[in-house]
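Sequence order for the protein chains is A and B.
Here the first sequence is numbered in the working numbering, starting from 488 and rising by one per residue.
Here the second sequence is numbered in the working numbering, starting from 5 and rising by one per residue.
Any given hint might turn out to be false.
So, partial list: chain B residues that the calculated Cβ filter (under 10 Å) puts toward chain A [unchecked claim]:
1) 37
2) 39
3) 51
4) 146
5) 147
Simulated restraints, written as ranges between beta carbons of each label pair [stated by the list, open to error]:
6) 61(B) - 631(A): 23 to 31 Å
7) 517(A) - 25(B): 43 to 51 Å
8) 625(A) - 52(B): 50 to 58 Å
9) 519(A) - 140(B): 22 to 30 Å
10) 532(A) - 91(B): 31 to 39 Å
11) 110(B) - 557(A): 44 to 52 Å
12) 505(A) - 152(B): 36 to 44 Å
Just so you know, these hints were derived from the structure itself, not from any lab.
Beta carbons are placed, not taken as given, at the ideal position from N, Cα and C, and that holds for glycine.
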Amino acid sequence: LSVAPGPRRIRIWDLPTRLFHWAIVLLIPALWWTHQIDRLDLHLILGEIMLGLILFRIFWGLFGSSTARFLGFVRGPAAVLRYLRGKGEAAPGHNPIGGWNVMVMLLLIATEIGLGLFVSDEDGLNEGPLAHLISYDSARILAHRHETLFYILLGFIALHIAAILFYAIVKRDNLVVPLVTGSRPGEGEGMRPAPLWRFLAAAGLAVALTLWIALIL
Amino acid sequence: VKELVLAAAAIVGLVGVAFAQSAPQIIQTRQANYKQMGAAMKGINEQIRADAPDVAITRRNSAVLLHFAPQVLTWFPRGTGPEAGVRTRALPQIWTDRAGFRRAGALLLVAARNLDAAARSGDIARIRAAAPQVSHACSNCHDSYRAEEH
Numbered sequence: 488l489s490v491a492p493g494p495r496r497i498r499i500w501d502l503p504t505r506l507f508h509w510a511i512v513l514l515i516p517a518l519w520w521t522h523q524i525d526r527l528d529l530h531l532i533l534g535e536i537m538l539g540l541i542l543f544r545i546f547w548g549l550f551g552s553s554t555a556r557f558l559g560f561v562r563g564p565a566a567v568l569r570y571l572r573g574k575g576e577a578a579p580g581h582n583p584i585g586g587w588n589v590m591v592m593l594l595l596i597a598t599e600i601g602l603g604l605f606v607s608d609e610d611g612l613n614e615g616p617l618a619h620l621i622s623y624d625s626a627r628i629l630a631h632r633h634e635t636l637f638y639i640l641l642g643f644i645a646l647h648i649a650a651i652l653f654y655a656i657v658k659r660d661n662l663v664v665p666l667v668t669g670s671r672p673g674e675g676e677g678m679r680p681a682p683l684w685r686f687l688a689a690a691g692l693a694v695a696l697t698l699w700i701a702l703i704l
Numbered sequence: 005v006k007e008l009v010l011a012a013a014a015i016v017g018l019v020g021v022a023f024a025q026s027a028p029q030i031i032q033t034r035q036a037n038y039k040q041m042g043a044a045m046k047g048i049n050e051q052i053r054a055d056a057p058d059v060a061i062t063r064r065n066s067a068v069l070l071h072f073a074p075q076v077l078t079w080f081p082r083g084t085g086p087e088a089g090v091r092t093r094a095l096p097q098i099w100t101d102r103a104g105f106r107r108a109g110a111l112l113l114v115a116a117r118n119l120d121a122a123a124r125s126g127d128i129a130r131i132r133a134a135a136p137q138v139s140h141a142c143s144n145c146h147d148s149y150r151a152e153e154h
């Protein structure tokens, strides 16, 4: 009795990148909900956790595993067009459109968090960790920007989910499972993982910066 | 007699001014005043969260609150609710539950007086104990008598 060899799999996403993604998926509704029920104390704590995660992802994009690095997946318009015409070269990780999806999402969430740092509620009871640096009127203007940007972010999340459905249904390419397991069927070279010390450096820097913003500034 | 005439004239004058103000004007003034109170609360809450609170800033802001706190109940004459036709989050309960609204206003006045006394004493522990009472009085009233922002 011989066991048929299964399809070959290659690793494409490391654990920190996967955990980061799913933490964001949980945090965004939690942040929305804590605001809805007026638990701004919890909203603030979750926002600070989000800040730490975003900072981590930025460091991980600079010196993390090969598929997490910005320089690896941010491609110019020529590569994007080639990919759209179906002539893109296969490589583990984000395709040229997916890479820009990551950059836009990161930029939106980072801006949303950046605004949140300076926001005050209208009664002056709760505020972001840096709102003491600006006036009430400024903090209120930023509160409205914080709200508007959330709806823009929601729009991009809808687009993001629509794209995942398009890949699943039209292109028969399941993008969600690899983001859970870390690997997908494929041949050739996979992700080049980063050593543990780089993860510790990125996490340490992110935690230190977050604590500095949240507690000291 | 002269004083009496002057006092009567002053009362007539004040009533006249009150009636001269239209409902939208009253609502606008009310909202501007509440914004000043919000800004004062921001200033106070930042100080009590700081490692070394600035008593002078706290005192300046507690004086703003004490200035407005006794007036709050007068900012809601009949006709300045949602029926005024301008954007206001004042709920009809302000006028249907007059007693409850007055209690909420009284709670604010007591809390604002305590906070101002604490700020003037310069005792940071007292300030830290008194400020949350004002925050509570704000939320207590807003929970029942102010509509959500959206």
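Hint by hint, here is what the structure shows:
1. 37: The hint is violated - residue 37(B) has no Cβ within 10 Å of chain A, the shortest such distance being about 13 Å.
2. 39: holds (7 Å)
3. 51: holds (9 Å)
4. 146: holds (7 Å)
5. 147: Residue 147(B) check passes; min Cβ-Cβ to chain A is 9 Å, inside 10 Å.
6. 61(B) - 631(A): 23 to 31 Å: holds (26 Å)
7. 517(A) - 25(B): 43 to 51 Å: The hint (43 to 51 Å, Cβ to Cβ) holds, given that residue 517(A) and residue 25(B) are roughly 45 Å apart.
8. 625(A) - 52(B): 50 to 58 Å: violated (21 Å)
9. 519(A) - 140(B): 22 to 30 Å: With a Cβ separation near 26 Å, residue 519(A) and residue 140(B) satisfy 22 to 30 Å, so the hint holds.
10. 532(A) - 91(B): 31 to 39 Å: holds (32 Å)
11. 110(B) - 557(A): 44 to 52 Å: violated (59 Å)
12. 505(A) - 152(B): 36 to 44 Å: holds (37 Å)
Hint violations for this structure: numbers 1, 8, 11, all remaining hints satisfied.
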